[in-house]
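Given chain A, work out where chain B should sit, using these hints.
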Amino acid sequence: MNEHIQQRDKMAKEALLGIIERFYDQFENQKVPNIVMPTRTKANIEYNNDSEVWVYGDSTSTRSAKTVKGANQILKMSYVVELLIKEHLENNRGSTLRELYYISENWDIAKFNEQPESDRMIEDLEIISALQREYFHMRPEEDGATLFGSLKLKETTKRGERIIHCRDDVGEGGYQIPFNVENVEFLEHDAKFIIAIETGGMHARLIENGFDEDFSAIQVHLKGQPARSTRRMLKRLNEELNLPVVVFTDGDPWSYRIYASVAYGAIKSAHMSEFMATPAAQFIGVQPSDIVEYDLSTDKLTDQDIKALRSELTDPRFDSDYWKTQIQLQLDIGKKAEQQAFAGKGLDFVTQRYLPERLTEMGII
Amino acid sequence: MAQPIAEELAKKQRAISIAEFFEKNRQILGFDSAPRSLLTAVKEAVDNSLDACEEAEILPDIMVSIENAGGDNVALIAEDNGPGIVKEQIPKTFAKLLYGSRFHAIKQSRGQQGIGISAAVLYSQLTTGRPTKIISKIDRSKPAHYYELVINTSTNEPEILEDKEVDWDRPRGTRVEMEMTASYVKGRRQSVLEYMKSTAVVNPHARFTLVEPDGNTIVFDRAVDKIPEPAKEILPHPEGIELGTLIKMMRYTDRQKLAPFLRYSFSRIGLQTAEEICKTAHLDPESDPHDLQLEDAKKLIDVFKKVKISAPPTDCLSPITESLIYKGLEKEFSVDFIATISRTASVHSGHPFLVEAGIAYGGSLGKEDRVNILRFANRVPLLYQQGGCAITHAIEHIRWKNYSMNQPGGGLPTGPAVLVVHVASTHIPFTSESKDALADVPEIIDEVELALKDVGRKLKTFLSKQQHLSKRREKEEIIKKILPRIAEKVSQVLEKPTPDITPIVAKVMGNLLVQRSVSKNGDGYQVEINIRNYGDAAFTIKLHDTHQYPVRDAQPEPKTISMGRDTDHTWKLNLKAGDRETIKYHLPFVSEEEANALPGLILEGADEAMVNGAKAVRGYVDE
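Here the protein sequences line up with chains A and B, keeping their order. When the letters of the first sequence are read in order and numbered with the numbering used here, they come out as residues 1 to 365. When the letters of the second sequence are read in order and numbered with the numbering used here, they come out as residues 1 to 623.
Looking at chain A on its own, in the form it has when it is part of the complex:
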């Protein structure tokens, strides 16, 4: 097995054993077993100005075996940790969150009552160990998104190492991002920037037009709200290859939130923000000002759209002159546009006119 992966598994095992050792020591020292964690409520999530992502605040809560609830949580945690160590890490296996819930059915009083409870337990372990769940071989349910471009990488799979060029060795579907991005090692590339694209239609348009070759771009398909692995991949591409990231979405409030989760992190996974958020990511469009400038085909804003835009005006993630101007403009014109609206100007318009203009404006090419 890959030395890098062995190293990672060892780290995960040590972190998990540490949790169990703490309980054992508490027994030995005649202390009621307990564990201190950041309070996981909305009230305890704050924007970290240094790392520019959402993280948990200072408030903590103690789970103690003094109460039935706390005792049950500690018991269940011990069972989950045993599974992660003895089944996952020592035997090099993995399971999904849903599978974990079913596995616990054999645990008598330690069994989970519903899947959200076991999902939360995994999140708890991420917080305590400061490691992502992928380190424990916990797999997500959904497929990862795809990547296309001039990037050569090495992926360590259960069946050996694979060296893949993400344009020459893959079909038009692109390279599938694995659930554990840490199993990927970047080998070489000749890219100048990363473009993350919301819709499959636009992703395919760019591939067909040869945008990646013409502009030395790596394309990442976000597939709507991006999965953890997709965000982690963007973060690593940005940091390790030192490449700028631009995000290309529809021109509506929901798409701005997709951008925000790429750039600043999501509230649900605030403990992982520092691993997964890419604060350097820039929004390329569709901007409300593009709707006016390029006279794009539009739809009217719905009441929900307007509500979402208004709430974004008070969201600290959009607290900049740029976003305030753009959102206000959109509210004024009352319109929204999809990425595909550029097709109305001809199939090459987006790759020959719009994107080059925007990329130049942003100083990327």
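A few of these clues could be false.
Derived lysine-lysine pairs resembling BS3-like cross-links, with alpha carbons at most 27 Å apart [stated by the list, open to error]:
| hint | chain 1 | residue 1 | chain 2 | residue 2 |
| --- | --- | --- | --- | --- |
| 1 | B | K480 | A | K111 |
| 2 | B | K475 | B | K507 |
| 3 | A | K66 | B | K496 |
Source of the hints: derived by calculation from the structure; they are not laboratory data.
Quick look at chain B alone, frame taken from chain A:
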């Protein structure tokens, strides 16, 4: 004495027909709506039956049956196993307004309430034109009499339409049947069903049967078979007497002189008090009360308030008693807890009264609902005008949060509870003639509050005990089921021996923890015993360490009692909450094997459930 007054009142009414009188006073008589008319008629019939049974010392068995009689009419049949009514009195009892023996008898009675069954007879006849049918029988060996009666509305005298002897298979009792424009309603407080249920709560010695119009039969069975003590009659107390009553008493008395009149017509007036009253009022004790004028009566009323007169006797009151309210609530509601109180009698403006209260809590009662309030005056349920009643006001004054109940907005409390308040008095101060609500008499409000606070405290004690028990149960679940599993699992994962969880059990349970350790020391072993109190209470205990080895250098020094081969070493210890005590001693010439096999420690003076690490025996340890 009763009859002349009734006649006098009837005389006044003769000027107008009693039908007109009735029409004008329908509301205060309780016949203002179709549902209420039926309820009033049922109340009058049931009250009469209960009073009659009580006086005759018979366990009441009362049946009320309601039938649809076509159109807007219903038929009411009320039947009891009471003493029955002698033939001659049947017409007047049912078909003459304001006839009865209870007017101005100073004692607690239900009949002080309505105007009587005759009002129902009149209502029946005015709305349907039909007579009321009565059967009554006074003894097994006597025949039953059947009457059909109406009231002559111009003379207020009974008119007999039918009078015959009939066969009736009951040993004795009375049966009334009348038709009236009325309606039977369900699902609200002011209904026949709720009235019967409330009545059953405060009359657990009675059995009630209700047959609803659809044929459904509900039996409220009796919970006790002891008849309540009948209330005694007393003379009126001067403090509560009204001018009109005093004038009437003076006019109709047999006494010829004022002082004896005062002495024998009122309670709590003796020879000396009578003299003092006359002197203070500047009236001649020898004067004839029949000759005294309005001005003299006024003087007397004033003087009654000035001269010190003892409070009225209270044995004329008949409380339901704590145990019977308890049984009444127990049989009519399925609950977790009941508390009741019967307060000692007090006096409001010359009238003795007493307050009884009960609370039924939990069980099948709605947790989010307002509490259900059952108000009673002289054992009669009060169903209307709850918001305007002194009882309700007293409930609203109390801060129920102090008694573990919610009180959103400071009004009536909410929670799974029924509150019962019974006010018994020779004179119930109603807010109006309709007799639905008690007036805000401060003495009564105070007593109601005191009674409710008493049962509230009992409820609070019960609830905190319950809470304590459920906490204890929760903790037992932790120590018996969960903690051992955690210890087992963590040691499995780490492949280490399972840790001893005894100290943690003591901590979680708030118990006394006793731990003994031995370590090699010179040519023997050093023993250290640690006792720690993790609980909230202080303990005075005796620790027994019984074995055959000689003990040296003990700190502190134990008391020793020789027990044959062994010696019992005892230490008396006082441990406040959180305290720790350490006992050390040395065992010379003891092998490792012996040192590790010392017999278990025994702790005397604490409950077994409160101790970990030693055997606990109960025992009295003096301070």
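Status of each hint after checking the structure:
Taking the CA atoms of K480 (chain B) and K111 (chain A), the gap is near 18 Å; set against the 27 Å cutoff, the hint holds. Annotation: proposed proximity of K475 (chain B) to K507 (chain B) holds, straight-line Cα distance about 10 Å (limit 27 Å). Under the criterion of a C-alpha separation no larger than 27 Å, the hint pairing K66 (chain A) with K496 (chain B) is consistent with the structure, at around 24 Å.
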